[in-house]
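S.K.: Protein sequence lines, in the order shown, are assigned to chains A and B.
By my numbering, the letter at position 147 of the first sequence is numbered 147, and the numbering carries on one by one without gaps.
By my numbering, the letter at position 204 of the second sequence is numbered 204, and the numbering carries on one by one without gaps.
Hint data in this document are derived by calculation from the structure and do not stem from the laboratory.
Using N, Cα and C, we set each Cβ at its ideal position, and we do this for glycine too.
Warning: the hint list may mix true and false statements.
A few chain B residues facing chain A, derived, Cβ under 10 Å [as the list claims (entries may be wrong)]:
no., residue
1, Lys-11
2, Asp-12
3, Ala-31
4, Pro-58
5, Cys-65
6, Ala-83
7, Tyr-94
8, Ala-107
9, Ala-126
10, Ser-137
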Amino acid sequence: MKRRGYDGVVLCAPISIPYRRYSVDSAHWWIGRALHALTQRTGLRPTDIDGLSVSSFTLAPDTTIGLTQHLGLSPRWLDHVPMGGAGGCVSLRRAARAVQAGDADFVACIGADTNHVDSFRKTLSSFSRFAQDAVYPYGSGGPNASFALITRNYMNRTGATREDFGRICVAQRTNAQRYGGALMQKPLTMDDYLNARPIADPIHLFDCVMPCAGAEAFLICREDDAKSLDLPYVRILSAIERHNAYQDDPIQFRGGWAMDRDDLWAMAGIQPDAVDFLQTYDDYPVIVMMQIEDLGFCAKGEAPAFVRSHTLTTDGDFPHNTSGGQLSVGQAGAAGGHLGLVEAIRQLTDQAGNTAVPNANIGLVSGFGMINYDRGLASSAVLLARA
Amino acid sequence: MTDELIRPRRKDPLRKTREPLLPQGVRSRTAHGLTAAAAEGRFALQVCADCGFTLYPPRDACPRCLSARLPFKDVPPNGTVLAETTIRTSTDVYFRERTPWRIGTVALDCGPFFVTHLHGDVTEGARVKMTLRLDKSGNAVAIAMPDRPTEHQEDDVQLRELTCDPKFRRVLITDGRNATGQAMARAMAAAGASIIFVGVADPWKPFPNETTLRATPNVEIVSLDLTDTQSVADVAGELAHRVDILVNTAEHPRSGGIMHRNGLTIAQQEMDTRYFALLRLAQHFGPTMRARGADGTNAAAAFVNLLSVHALINWPQYGAFSATEAACLSAAQALRAELRGGGIKVLNMFAGPLDTEWFQSVPPPKLSPTALATATVDALRKGIEDSYVGDIAQDIKARLDAQPKALERELGA
């Protein structure tokens with residue numbers, strides 16, 4: 001059956017709660033701040049929010065249900081999306097269908113995590129059963145080590161160099177300086193990138209994101225409700241997700257986007273050249289390259305040449321991760337899956353300030369997450385358009 | 001090529017002894033199928049009994065056909081390294097002080113993809129043989145070994161974290177009066193142990209082959225009576241901080257069952273020489289060994305028990321003896337848990353009847369003390385936890401796995 005469109009459902013109220021390297025507050029606190037900002041921005045009362053979708057790794061022992069009482073909400077539609085970097089787009093897909101079907105009117109989608117001094121190590125050692133049984137005992141390098149193997153294999157197969165990855169990281173740092181809310185705003189040169197200390201070869205310091213605390217949120221509702229609340233909004237052209245794609249690939253060389261991208265473009269009725277900016281999930285630059293290829297911007301294995309022949313800054317010919325992405329803003333746990341989406345809403349509603357991409361009408365946001373064993377399992381993407 | 005291990009220098013008494021840390025020791029229940037294989041030095045993975053798919057990491061349903069029948073079976077260990085990395089920073093305290101640490105992805109010829117430790121002589125693209133070993137936490141990990149043995153390959157730093165190689169280690173053999181203790185001293189000398197303390201009760205009393213024992217390289221005789229708590233305490237006070245591998249060679253096999261023995265004297269002697277001696281050794285040497293689990297090249301590594309395979313199931317012809325051995329096995333399991341915090345392995349060497357005077361009337365095959373000593377060194381080098389040495393021990397183990405009730409009847413026939 002053909003996928004049905006998302007007509008009449010829109011995104012609005014992009015919220016980013018300023019990140020902090022470490023926080024003594026709980027994930028509940030960060031989610032509370034995001035929801036509070038959302039109600040203030042929209043003029044909705046907490047009782048008007050009748051749908052809630054939350055992504056968070058540090059909410060234990062609670063899940064979203066516990067949050068309803070914690071925050072005093074009484075929603076009629078509730079979702080917990082433990083899918084890390086794919087969570088933003090996945091939340092969007094589910095919530096948009098709920099609103100479309102009339103199961104909810106206003107769904108708050110929130111990605112938030114705290115970062116205590118020892119949170120990261122605890123998250124890693126108990127991240128998944130396979131991580132516990134078959135990854136963490138092997139040097140406990142965390143995602144750095146997993147992505148080192150993926151990056152190494154990608155370099156072997158495509159000829160990508162460290163400098164190619166560096167172009168992505170350096171451009172994002174330039175964007176981050178324009179964004180202002182990034183934890184890492186110090187200028188980054190290619191020399192800085194190349195001379196950084198090794199973390200897990202070939203991964204070096206500036207290939208890695210900095211774990212931090214923060215929250216990102218947006219609201220999904222019907223177009224006429226957004227209009228009556230006087231909220232600038234964006235339309236959803238198409239959306240995909242896929243999990244555990246290409247299980248027989250010995251090392252991850254492509255993601256689930258490649259399985260569903262034809263649907264993504266066909267549903268939107270456009271081609272990649274219509275896209276004005278791209279927000280990828282960027283916990284390591286290699287996965288950015290895979291997204292550029294697997295979403296159809298170039299052929300498989302040609303992303304290194306693509307980044308060499310394009311300028312990735314907000315004023316370039318291929319604006320990418322316009323707020324600086326996680327590589328510069330920081331990785332606030334599951335908020336990382338919402339970062340690009342929230343920035344895309346800002347871009348398409350003229351709220352992006354210094355990072356605004358001129359004449360941006362269509363944006364692509366993609367998500368990726370959950371290194372369960374040796375590869376990221378979840379992939380997702382949405383095409384958004386200015387209303 | 002692996003750099004050959006250098007004999008460690010005398011320890012600087014002013015330096016703090018490095019505290020033993022362990023890599024993460026939590027595993028799912030299913031993953032302990034790998035621990036069971038590693039404990040015996042086998043390479044086994046789950047193979048679906050319905051569709052034949054070989055899978056890893058351990059699962060509770062087959063990802064090919066969803067069957068729940070997923071027994072661990074020995075599989076061919078050959079594979080190819082697809083990618084490698086050197087971890088230079090780790091969130092885990094154990095690995096943090098052991099970086100740089102190399103891992104890689106190995107595609108096994110039998111199907112699965114393995115994230116694995118890499119031996120230093122293994123590089124990207126190399127053909128490898130996978131092995132499962134017990135790490136300091138006592139759980140199975142895989143290490144990709146060179147396809148063909150390389151020079152000094154046993155000296156690799158990452159491999160040595162997983163083994164108890166006697167090379168440059170200091171060994172205490174608790175009883176040198178018997179043939180097994182003497183064979184053990186020779187085997188340890190040949191394996192490169194730097195000092196071999198050999199306990200002898202009342203050393204002024206001559207014993208067979210004493211001259212040969214005293215002439216064995218690196219052997220130092222110490223007066224040690226395992227049935228005397230004070231004697232054990234005295235030797236431990238003197239030597240415990242220098243014992244990296246303890247091999248308890250005390251033996252006291254006496255024929256006869258339970259019912260026809262007159263009184264308890266022999267049984268008490270058996271328990272004193274074997275079970276209580278083990279407790280004395282554990283109490284006086286165990287704590288110091290546990291504290292020295294990460295003390296450099298010659299860190300404490302292993303506590304070795306030589307057990308009769310009839311610790312696993314009683315052999316009525318040697319019924320009381322079997323019961324004593326069963327008590328020792330049970331104590332060894334407790335000791336294994338207690339020493340794990342220090343990353344010290346407890347090795348149980350299960351043997352059938354030895355070719356000694358105390359099994360004179362038992363027909364062959366019997367195990368020579370030399371074969372037992374050689375197998376012990378081999379188990380230490382591989383970091384094996386349970387070893388079944390010789391034809392009888394392996395026969396008993398196989399029959400026990402297959403049909404324990406039948407074995408009970410057959411041994412009592």
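S.K.: Would the stated hint for Asp-12/B survive a check requiring a Cβ distance to chain A of less than 10 Å?
M.R.: It is violated, given that the least Cβ distance between Asp-12/B and chain A is near 29 Å, above 10 Å.
S.K.: Does the interface hint hold: is Ala-107/B within less than 10 Å of chain A, judged Cβ to Cβ?
M.R.: This interface hint holds because 5 Å falls under the 10 Å limit.
S.K.: Would the stated hint for Ala-126/B survive a check requiring a Cβ distance to chain A of less than 10 Å?
M.R.: With a closest approach of 14 Å, the Ala-126/B hint is violated.
S.K.: Return the status of the interface hint for Ala-31/B: holds when the least beta-carbon distance to chain A is below 10 Å, violated otherwise.
M.R.: holds, 4 Å
S.K.: Holds or violated: Pro-58/B as interface residue toward chain A, Cβ cutoff 10 Å?
M.R.: Since the shortest Cβ distance to chain A is 6 Å, the answer is holds.
S.K.: Using 10 Å as the Cβ threshold, decide whether Tyr-94/B counts as touching chain A.
M.R.: holds, 7 Å
S.K.: When the nearest CB of chain A is found for Cys-65/B, is that gap smaller than 10 Å?
M.R.: violated, 14 Å
S.K.: Would the stated hint for Ser-137/B survive a check requiring a Cβ distance to chain A of less than 10 Å?
M.R.: Holds: closest Cβ of chain A sits about 8 Å from Ser-137/B, inside 10 Å.
S.K.: Holds or violated: is there a CB of chain A closer than 10 Å to the CB of Lys-11/B?
M.R.: Hint on Lys-11/B: violated, closest Cβ of chain A at ~28 Å, above 10 Å.
S.K.: Have a go at the Ala-83/B hint: is there a Cβ in chain A nearer than 10 Å to its own Cβ?
M.R.: Cβ of Ala-83/B sits 4 Å from chain A, so the hint holds.
Of the hints listed earlier, those the structure fails to meet are numbers 1, 2, 5, 9, in rising order.
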